[in-house]
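Engineer: Each chain, letter by letter, is given below.
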Amino acid sequence: MSLDGWIHRKSKAAGKAARKHLDALPDGLWTKCPKCGEILFSKELEKNLMVCNKCSYHFKLASPQRLEVTVDDGSFVEMDAGLSTVNTLEFPQYDAKIQKLTAASGLNDGMVTGTATIGGYPVVIGVADFRFLAGSMGSVYGEKVTRLFEKGLAEKLPVLIVNCSGGARMQEGLLSLMQMAKTSAAAGKFGEAGLMYIALFTDPTMAGVHASFAMLADVIIAEPGALIGLAGQRVAAQAQVMKEPPGYRLSEWQQDHGMVDMVLPRREIKDTLVKLLAAGSHGGSHGA
Amino acid sequence: MSLDGWIHRKSKAAGKAARKHLDALPDGLWTKCPKCGEILFSKELEKNLMVCNKCSYHFKLASPQRLEVTVDDGSFVEMDAGLSTVNTLEFPQYDAKIQKLTAASGLNDGMVTGTATIGGYPVVIGVADFRFLAGSMGSVYGEKVTRLFEKGLAEKLPVLIVNCSGGARMQEGLLSLMQMAKTSAAAGKFGEAGLMYIALFTDPTMAGVHASFAMLADVIIAEPGALIGLAGQRVAAQAQVMKEPPGYRLSEWQQDHGMVDMVLPRREIKDTLVKLLAAGSHGGSHGA
Amino acid sequence: MALSVLDFEKPIAELDANIAELKRISEEEGIDRSADIEELERHRDDLIAQIFANLTPWDKTLLARHPNRPYSLDYIRTIFDDFVELHGDRLFADDNAIVGGWAFLDGNPVMVIGNQKGRDLKERQFRNFGSSKPEGYRKALRLMHMAEKFGRPIITLVDTPAADCSFGAEERGISEAIARNMMEMSLLKVPVIVAVLGEGGSGGALAIAVGDRILMQENAVYSVIPPEGCAAILSEFQRDPARAPDAAAALKITAEHALEHKLIDEIIPEPVGGAHRNYEGAAKFVKEAISRHLAELEKVSTKKLVEHRYNKFRQMGVYAETQCENG
Amino acid sequence: MALSVLDFEKPIAELDANIAELKRISEEEGIDRSADIEELERHRDDLIAQIFANLTPWDKTLLARHPNRPYSLDYIRTIFDDFVELHGDRLFADDNAIVGGWAFLDGNPVMVIGNQKGRDLKERQFRNFGSSKPEGYRKALRLMHMAEKFGRPIITLVDTPAADCSFGAEERGISEAIARNMMEMSLLKVPVIVAVLGEGGSGGALAIAVGDRILMQENAVYSVIPPEGCAAILSEFQRDPARAPDAAAALKITAEHALEHKLIDEIIPEPVGGAHRNYEGAAKFVKEAISRHLAELEKVSTKKLVEHRYNKFRQMGVYAETQCENG
Ligand SMILES: [Zn+2]
Ligand SMILES: [Zn+2]
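The listed protein sequences derive, respectively, from chains S, A, E and V. FYI, in the numbering used here the residues of the first sequence are 1 to 288. FYI, in the numbering used here the residues of the second sequence are 1 to 288. FYI, in the numbering used here the residues of the third sequence are 1 to 327. FYI, in the numbering used here the residues of the fourth sequence are 1 to 327.
Treat the hints as calculated values from the structure; they're not laboratory data. Hints may be right or wrong, so weigh each one.
[Unchecked claim] Keeping only pairs whose Cα atoms sit at most 30 Å apart, straight-line, the calculated DSS-like set for lysine-lysine is: (1) 156(S) x 303(V); (2) 47(A) x 270(A); (3) 189(E) x 189(A); (4) 151(S) x 304(E); (5) 287(V) x 303(V).
[To be verified] Covered by chain S, per the in silico footprint, the following chain E stretches (three or more residues, Cβ under 8 Å): (6) 76–88; (7) 310–316.
[Unchecked claim] Coverage of chain V stretches by chain S, computed from C-beta distances (three or more under 8 Å per stretch; other residues unrestricted): (8) 80–87; (9) 277–288.
Where is the CB? At the ideal position from N, CA and C, for every residue including glycine.
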């Protein structure tokens with residue numbers, strides 16, 4: 001159950017690529033904290049699971065990094081990596097964007113799914129990658145999340161989804177919107193079988209993802225300070241007459257408002273996942 | 001479906017007795033409205049279903065009056081009239097109170113139940129009578145409500161309960177409290193069978209009755225201006241630091257707060273009941 | 001309320017005015033101008049046909065938002081009998097941006113639920129411009145579960161610009177409410193028919209739009225984001241809300257496109273010149289479609305109904321797939 | 001927090017002080033006073049036994065409210081392993097007057113839910129003095145349904161003066177929340193064990209207290225209304241809150257009376273002098289009782305479980321019945 005394994009096995013190149021598209025400013029040895037401005041020794045930062053040791057800012061993680069801090073070493077087996085985007089609507093510039101992102105990240109989409117173990121408990125896991133169009137949900141994303149639930153259902157395994165998304169993907173129009181209904185229906189069918197669904201909300205978990213399968217988890221854990229809500233900040237700003245109250249829609253605020261079960265520092269998440277999986281992994285003696 | 005039948009068939013003595021223990025000041029020809037002070041011609045008042053034609057104050061109705069304005073003429077058949085109170089706790093003065101109330105009202109308890117038709121639709125109906133210890137719920141009341149649901153369940157009939165109660169009956173201690181759980185469980189079992197349960201809230205519908213079977217109705221109708229809430233006014237006043245806002249916990253306020261489906265003047269209630277019974281009386285083609 | 005006139009409707013409105021004037025004159029002066037009137041009316045109808053045959057997605061957006069377009073309660077009054085409106089979510093409040101209750105369709109009880117916009121300024125505020133807060137969606141869910149309990153079909157009428165996303169709505173979990181409704185609707189054991197009658201505004205619409213049949217009026221729009229919002233966010237449109245017409249085209253928000261992508265089942269026709277020119281006519285088309293689909297669904301077993309509904313949404317989406325070594 | 005001392009505990013506290021002083025002296029001065037100490041301790045234990053054998057219902061009320069009495073989280077920490085607290089009702093807020101989450105009882109996962117009072121002034125306010133708002137009961141219900149989903153038993157720990165009935169609580173339907181919980185608990189398809197550990201305060205307690213087994217600590221009280229409230233309302237007590245001790249007696253709020261009327265299943269003993277004198281000892285008794293009843297319930301089929309639970313509450317109440325001609 002070591003949480004430190006990820007740093008030793010992570011390739012330097014992958015780490016750099018991740019940081020480039022996330023929020024660190026890599027200059028080799030040193031990394032600047034985007035929140036407090038502190039210049040951090042990169043090795044120390046990585047050892048600290050990419051959490052600023054001055055202000056506790058939780059750096060965004062690319063999907064490989066997230067998997068490394070979350071699942072047992074070497075246990076992840078990817079599913080459905082062959083799914084890729086089709087620009088059905090012939091939306092302007094969409095093809096070019098996708099090609100560029102795929103080349104830069106090595107990803108076909110902002111949702112990476114597969115099977116793994118966590119503390120020895122087998123799970124089906126989905127991890128969002130913000131580098132890929134802000135982790136937005138289009139047809140591929142929705143299909144992967146749906147297959148994730150279906151895999152869990154077929155194998156009677158719990159599901160864990162790590163969210164990091166700006167919402168539905170505009171470039172696929174109504175097809176993207178319908179992924180909300182599709183993934184929510186999949187979560188419903190999965191839940192009816194009495195299987196556990198855990199969600200982790202990282203910064204940001206927004207809009208079409210937040211307002212569909214993400215909020216339907218049995219247990220929701222949030223990383224500190226993550227922005228969580230329906231309306232993007234631009235839309236929210238237009239809709240509000242008053243100024244936003246401090247902490248508005250951040251993890252801690254969402255817990256106070258009953259919408260997440262707990263806010264946990266990155267280092268404490270895996271231990272809690274293991275306890276939850278112990279509680280929910282195998283069927284109980286009484287059932288519906 | 002005439003709403004005026006009740007006045008013609010109602011005995012003068014019953015009417016007077018009812019008013020005496022309710023809120024009218026009978027002096028034969030004239031009745032004073034307790035809300036606006038208007039002196040009303042008693043015959044007109046009765047024709048107007050005991051609603052003040054100046055301020056629309058809805059006079060409390062005794063159970064026979066309520067039945068007359070609610071069910072089809074002559075259709076009511078009482079059930080479980082033989083149930084009566086036992087002072088198991090040997091609570092001070094309780095026996096004497098019950099004897100006095102029974103003598104004055106002819107009732108064994110503040111809940112009168114039976115079968116009837118409304119617009120031709122058969123229903124099982126319960127009507128609270130405020131004259132009997134403020135319609136408070138003790139063992140007899142809880143048993144009658146429970147049997148009401150069980151009768152509905154056995155005969156696949158919808159249930160209508162007209163509430164008028166101050167809450168649980170202190171004089172039966174924990175036995176009274178448990179009537180909340182007992183009646184709520186009965187409502188739950190009834191509801192699982194896909195049968196319709198309609199509640200009418202009249203002034204007042206409070207505390208242990210409000211916080212149990214009353215709030216569990218599928219559809220809740222309230223008479224205008226009825227006080228509806230958990231804490232009695234004395235308790236509520238102690239609990240509040242601020243002054244009560246206008247209309248606090250009255251029917252209209254409860255509708256704004258999502259707790260009742262509609263506020264209807266007494267004269268409009270029966271027509272709406274008939275429509276609801278038409279929608280819910282017989283099983284649909286799809287079922288759980 | 002006076003008839004509002006969209007830019008592209010102006011030629012029609014002019015002809016309407018001419019016809020009205022001619023009628024007035026012929027009546028006042030007792031002169032028979034019926035031939036002229038008939039010709040003008042024919043001309044007006046040709047013009048309407050011509051204009052409506054060439055509407056852009058943005059034109060349809062404006063039509064879907066037309067201030068004179070019939071709203072849910074207009075349809076409910078026309079299509080159903082004995083509507084008994086039910087209020088409240090039993091949790092927090094009654095939301096006037098969603099209406100719902102028992103009603104009878106050709107004598108059969110159904111639960112009807114719809115987004116509700118307001119006509120004049122006061123009513124618009126009362127209805128929060130048709131944008132629901134969590135309590136609206138939770139009321140809708142309560143009513144849907146009531147319908148399920150009694151084995152009655154559910155009809156939803158969709159017409160909302162979007163869900164409300166004010167402080168209060170976020171505080172009370174607007175995302176949770178939308179998500180839960182979609183999930184619960186996918187599991188309902190009774191037939192659910194959805195009619196998109198005006199604006200199908202993103203998650204705010206979808207929260208009452210998961211059903212066995214999704215019908216859509218020919219001038220309604222259904223979109224993942226309002227075209228103005230899309231134009232304002234994407235550099236493809238210079239982040240300029242004024243380029244909303246281009247975004248509307250790119251987003252493919254019309255009923256034809258939705259049908260093409262199998263996201264809806266059928267397009268409900270509107271009377272000549274749009275629903276706002278003829279409420280009765282519009283309602284007649286909607287009623288016919290709902291009744292017909294309902295009759296079909298009544299024949300399906302509960303098990304198949306829920307299974308088909310799942311599969312219907314399961315199939316939505318377009319993607320490519322290649323086999324991977326790690327698949 | 002210093003030990004609070006009730007009036008009737010004062011003789012005990014004096015002996016406790018004497019014993020402590022003697023121990024201090026014998027240690028400081030190196031003199032062996034163990035015989036004296038032992039005699040004093042024996043005397044103290046006799047005194048406790050004597051006092052606790054003659055407690056009035058009002059004394060028990062004060063014990064149940066004792067500021068040093070162990071609260072739900074104290075029991076949870078002692079009885080269960082690996083507690084993972086879950087927060088929020090997914091509707092409005094997280095209510096700190098109720099706690100709940102996954103935990104392990106002898107290695108088996110259970111959902112544990114309890115009212116939670118606060119120890120010092122700050123924590124008391126944070127916990128709203130153990131009085132829940134609707135969001136607390138709705139959180140509890142969410143967790144109970146989660147337990148049901150996974151087929152896990154539910155343990156509830158009851159210790160609340162009453163439900164909150166402030167503006168906000170009434171606004172958000174405190175009555176609805178209490179009623180719904182009782183109904184839903186009666187239908188749960190998993191074992192539910194209720195332990196009344198302090199104050200069983202009216203509907204506020206009952207909202208998490210519908211179960212297959214109702215256990216009650218020997219010094220806990222369970223009442224339809226606080227004795228002070230009853231005394232203040234009824235003319236039988238001159239409407240004088242100071243007559244609460246008389247009302248407490250009349251209301252029959254002790255575990256013995258509850259057992260006599262078959263409203264609870266078993267009385268859980270407390271350590272000598274009450275739970276507040278020995279947290280570990282109190283928890284041991286509670287754990288033993290819960291484990292034993294849970295083992296029994298695990299053998300019952302789901303169908304029988306729900307049926308028995310219904311019948312259990314169905315039978316509560318005492319009344320006379322004569323046959324009537326209109327019956
Ligand atoms: Zn920092
Ligand atoms: Zn008056």
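Engineer: Give a verdict on every hint.
Structural biologist: Tested hints:
| no. | hint | in the structure |
| --- | --- | --- |
| 1 | 156(S) x 303(V) | holds (24 Å) |
| 2 | 47(A) x 270(A) | holds (15 Å) |
| 3 | 189(E) x 189(A) | holds (19 Å) |
| 4 | 151(S) x 304(E) | holds (22 Å) |
| 5 | 287(V) x 303(V) | holds (26 Å) |
| 6 | 76–88 | violated (count 0) |
| 7 | 310–316 | holds (count 4) |
| 8 | 80–87 | holds (count 5) |
| 9 | 277–288 | violated (count 0) |
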